[in-house]
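Peer 1: If you read the protein sequences in the order shown, they are chains A and B.
Start counting the first sequence at 33; every next residue gets the next number (the working numbering).
Start counting the second sequence at 364; every next residue gets the next number (the working numbering).
A couple of the hints might just be wrong.
As the list claims (entries may be wrong) - In silico lysine-lysine, DSSO-like type, Cα no more than 30 angstroms apart, as pairs:
{"id": "1", "chain 1": "B", "residue 1": "K724", "chain 2": "B", "residue 2": "K792"}
{"id": "2", "chain 1": "B", "residue 1": "K492", "chain 2": "A", "residue 2": "K107"}
{"id": "3", "chain 1": "B", "residue 1": "K775", "chain 2": "A", "residue 2": "K166"}
Stated by the list, open to error - To give an idea of the interface, some chain B residues facing chain A are shown, with a C-beta separation under 8 angstroms as derived from the structure:
{"id": "4", "residue": "Q414"}
{"id": "5", "residue": "G461"}
{"id": "6", "residue": "S465"}
{"id": "7", "residue": "Y480"}
{"id": "8", "residue": "N486"}
{"id": "9", "residue": "Y498"}
{"id": "10", "residue": "K503"}
{"id": "11", "residue": "T512"}
{"id": "12", "residue": "V515"}
{"id": "13", "residue": "H517"}
{"id": "14", "residue": "D685"}
{"id": "15", "residue": "F701"}
{"id": "16", "residue": "P703"}
{"id": "17", "residue": "S757"}
To be verified - Derived CB-CB ranges, DEER-like:
{"id": "18", "chain 1": "A", "residue 1": "S148", "chain 2": "B", "residue 2": "S762", "range": "22 to 30 angstroms"}
{"id": "19", "chain 1": "B", "residue 1": "K718", "chain 2": "A", "residue 2": "S66", "range": "53 to 61 angstroms"}
{"id": "20", "chain 1": "A", "residue 1": "S66", "chain 2": "B", "residue 2": "Y803", "range": "38 to 46 angstroms"}
{"id": "21", "chain 1": "A", "residue 1": "I171", "chain 2": "B", "residue 2": "W759", "range": "36 to 44 angstroms"}
Simulated from the structure, these hints should not be mistaken for laboratory data.
Being a predicted model, the structure only gives us computed values, none of them experimental.
For each residue, glycine too, the CB sits at the ideal point set by N, CA and C.
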Amino acid sequence: MKKIIRHSFIIGCLILAPTISAQVLIVHPHNTSSQLTRNNLRAIFAMRTPQWPDGIPVHVFVLEDNDPVHVSFCKHLLDMFPYQLRRVWDRQVFSGTGIAPIAVKTEQEMRERVASTEGAIGYLLPENVDSSIKTIEEIL
Amino acid sequence: MILYCLKLAVYIRLLHDKNQCFNQIKRLLLLLTLISPVTVLAETNWLDNLQIHGFTSQGLIFTTDNNFYGDSDHGSANMTELGLNASLQLSPKIRLAGQLISRNAGEMDNGSPHLDYALLDINFTSSSKGRFGTYLGRVKNPLGLYNETRDVAHTRQGIFTSQTIYFDKVRNLIISADGAQLYGEYFLPNGTLLIQGGAGYPIPDENVEEAYFGQDFEGELKGDNLAFLGRIMYEHDGGRWIVAASGATLEIDFEGTATDALGPFIPGFGYALSPLLGVNSGKIGIDYTIFSAQYNGEKWQLTGELAYEDIDYTDIGGLFSDVDVKSYGYSVEVNYKFTPKWEAFIRREAFYLDKEDKYGKDFESASQQLNSTYPFIPAIPGHSQYSENWILGSRWLISPRWMARVEYQMNKGAVTLSPSENDIANTTKDWDLFAISLSYRF
Chain A
33 MKKIIRHSFI
43 IGCLILAPTI
53 SAQVLIVHPH
63 NTSSQLTRNN
73 LRAIFAMRTP
83 QWPDGIPVHV
93 FVLEDNDPVH
103 VSFCKHLLDM
113 FPYQLRRVWD
123 RQVFSGTGIA
133 PIAVKTEQEM
143 RERVASTEGA
153 IGYLLPENVD
163 SSIKTIEEIL
Chain B
364 MILYCLKLAV
374 YIRLLHDKNQ
384 CFNQIKRLLL
394 LLTLISPVTV
404 LAETNWLDNL
414 QIHGFTSQGL
424 IFTTDNNFYG
434 DSDHGSANMT
444 ELGLNASLQL
454 SPKIRLAGQL
464 ISRNAGEMDN
474 GSPHLDYALL
484 DINFTSSSKG
494 RFGTYLGRVK
504 NPLGLYNETR
514 DVAHTRQGIF
524 TSQTIYFDKV
534 RNLIISADGA
544 QLYGEYFLPN
554 GTLLIQGGAG
564 YPIPDENVEE
574 AYFGQDFEGE
584 LKGDNLAFLG
594 RIMYEHDGGR
604 WIVAASGATL
614 EIDFEGTATD
624 ALGPFIPGFG
634 YALSPLLGVN
644 SGKIGIDYTI
654 FSAQYNGEKW
664 QLTGELAYED
674 IDYTDIGGLF
684 SDVDVKSYGY
694 SVEVNYKFTP
704 KWEAFIRREA
714 FYLDKEDKYG
724 KDFESASQQL
734 NSTYPFIPAI
744 PGHSQYSENW
754 ILGSRWLISP
764 RWMARVEYQM
774 NKGAVTLSPS
784 ENDIANTTKD
794 WDLFAISLSY
804 RF
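Same shape as in the complex, but just chain B (with noise of 0.2 angstroms):
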């Protein structure tokens, strides 16, 4: 046992290291050398424990201005996702579950497959009133009511999950962890209550980088201080009604380096300016929380989610000198079931990065007085500083397998957008999106 969770550890540090596919691989196989003290499943047929299932999608978004998910003003098929996942029971208590993922998301995510959970389920104790256990490994974090499964179109509220509860730009941080959580189930009169919690370690990427400094600079984030999550679900009478509260706070430190702290040499000034424009290490604290309820009924579905976001910069300096920024998002949904193949849905939903300053005008008169002072800092406009959507889409489940959506978003504001896709100075505060998605899964 001791061997055990010693191979665990050095799996899971390895896990964390780097996130090259190759490297994904090597650790699914050390993975796997974990499973082989386990010997009762000679006494079975282990096809018979092992279970596979996988998912693909494709997408077409087309967007009157503004970028998302590639070249969207012209239309563009960057959506693509896949996956394929496994669970093997070891035994009644064990169980081994991973998924590799792929998806083309414009130029947030280029395609090439990364491990998005790889874990071993233990459970202690289950009874007629309840289950107690642990998910090892990396965890999916659970957030909200569509977090640990955003990637799968079909359990997407709509083509796109909601971006301002879950935004896609930082996606990669939030979607999981590598460390060990807990979970509890327990099955009371009238509906059951879920708790699952943990510490795991972050893994930031270049979007982090680009959606917390709006740029992508020399210096990395990194993942290295274990961050604390969890969720409280209560689902009564069978999920007719569901809420639940969650949560998640992490630190991620920022290592720049010399090219990063003297900043962008400009004609005239040369690095005169590195106290405003360049960045020192530092660390960006992230508390997250997210509140949801639903109604499920046979026809009608009401969904609602509010989510708040606490951002503190500390010595990163210059233009983050002191910013401590709270934000809050909300999602409103209506969806009814025409048959039980058709549906459709209307939502509403908002997110104000500073809640001080919703529309950013405040943000926006400080950009631009900088911007008359240094012109060749780019004056940012205030409707980077929010969005408010409508939304209206449908789906048709062609088969139980394969599915058809249709989705028309009118959006006003621009936080949602990625600095990766586009250049947020120019951005054009009033723009809609139309996309359409065909979807398999097994």
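Just chain A, same shape as in the assembly (with noise of 0.2 angstroms):
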């Protein structure tokens, strides 16, 4: 009984510990993808997948690098830390072979930007997520 206890007041705590839940992938309406996997999201915000399948020129929008939203996004959907991927857009911006995504200050700009901008694609906390963006689901 007491292991019974026990066990249930750690899955309990573990569901109600304050969710450093995992960022939720968001993108624009329209969007006709469903899911992506790690390689596709990893090519997509590394600026190096320039269009959707169907053509629509995607825009990347993300936290400044030092932003905790972000440093955990890098590290749990992406599996990167934001150093590699600052160095990633800053050779290519500095040797012009590339761009760097586009840089918001807060999650309610990034949720604005992302269902204003056709191809728009960020991440939010889950408790910011509303029905103005489609969420989009990471596969490994």
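Dock chain to chain to rebuild the complex, using the hints, since each chain is given by itself in its own frame.
Peer 2: Printed below as a string of structure tokens:
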């Protein structure tokens, strides 16, 4: 009995613990994709995928490098570190071979920009997702 | 389309001609005319497709002896970098990009702005499996892990790029070329394969002449022969591991004058020593190969690079008769991130100009012999033929845009020093360097 109580306590704690939940990928509501692989995501956030499968240009939105939501997004969804992405972007921008994503200051701005830009992709904490945007799933 | 290609050909030709700022602005304007037939912009707000970025950095350098980036022996602030670039997406497949840079680098660069790159990026195909395209115009050379962005403080490993792999004294020769490159990126199950390469005209300058001749002759080095270069890079697991091999092969012509052929007038000898001290028109062939590997962890970053250079002088004569030097250099660095904002590194790097005579012993005795016969020819010490350095450095990311750095170098040898800034015969073998820098980018 003690064991059961202890186990359910631990499980309860896990469920109720303040969710450092994984970020949710968000896209413009007209986006036709429903899931992306980790490789797809890495290529998109490295700015190496200029177009969606339907031909619409990709617009990538990110928070600042040191924003905890960005750091966590890199680690959990891309399995990368913010400095690696920064280096990829810097190499492209300062050699002219590519571009950098659009940096936004807040999650609210992220939601608004993704909702209003066709071809946009970004990420949010689950509690900040609403019906103005579409969520998309990462498959490993 | 034919008209377009013609304009492009004219553009590349012009871009190649001279290196004056005024001409560069004219070339930029010409480049802008290239985009006039493109009307796709009309449909969208073109500002949405424009990205502008830039950077600036100021360094302060102190050396115990020798000069690096100015009169560093007495403290030099002659390390100022400024850059501004723009990228305009003309259509989903076509992008235009350019960057202007001003560098004050002691006697090596006086800060006059120059066109760093100006290119058209045409993407032939792109999908979830990869993309393939071409860069046309003045394109940065993809060499090693850092060559393309060596002027941007934020992207360098330290205050200076590793001088044993990316020699600052000949930077303009290897930094970019006017021509065309193809690129292919392939998204594999566990990584990405990146291939980039092509042909272009190199851009020699006085520093290159000083570096390869030890002096600035009246004649000129010409970048009239196409150089071929490329890099194959594999990024495993999102870039956790990176390996790359890159190379360039180029030939620069030297157009000597009658004065160069005569050599200096030596009292007592007159021009009798012309065959020894004069130089004739000829060419310098350079083959340059770099192997790179890097591990990128959350805290630890390990980097190793190895460079080979083969320099072959043909028909130039004088002291350069039958000179064919094979050089190599390496750089090994361990970097630790104490916090996301603060990191420190230790680097060991070395370069040997002649791998058959690593410490310049034979060179020194030959030079001394020459000096004893002809006292007006300075004896060049053997330590001018190599460099072996220990470097400690740290960087602090004050904000995503501001960065401060500090660096200490313990150097043995002088091969990384520029003859533009130093009388090589009188350089000191053991010298230390301390530098700090503050950089901003947006």
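Peer 1: Compare the structure with each hint and give your call.
Peer 2: How the hints compare with the structure:
no., hint, in the structure
1, K724(B) <-> K792(B), "holds (13 angstroms)"
2, K492(B) <-> K107(A), "holds (23 angstroms)"
3, K775(B) <-> K166(A), "violated (60 angstroms)"
4, Q414, "holds (5 angstroms)"
5, G461, "holds (7 angstroms)"
6, S465, "violated (14 angstroms)"
7, Y480, "holds (4 angstroms)"
8, N486, "holds (6 angstroms)"
9, Y498, "holds (7 angstroms)"
10, K503, "holds (4 angstroms)"
11, T512, "holds (4 angstroms)"
12, V515, "holds (5 angstroms)"
13, H517, "holds (6 angstroms)"
14, D685, "violated (38 angstroms)"
15, F701, "violated (13 angstroms)"
16, P703, "holds (7 angstroms)"
17, S757, "violated (15 angstroms)"
18, S148(A) <-> S762(B): 22 to 30 angstroms, "holds (28 angstroms)"
19, K718(B) <-> S66(A): 53 to 61 angstroms, "holds (58 angstroms)"
20, S66(A) <-> Y803(B): 38 to 46 angstroms, "holds (42 angstroms)"
21, I171(A) <-> W759(B): 36 to 44 angstroms, "holds (39 angstroms)"
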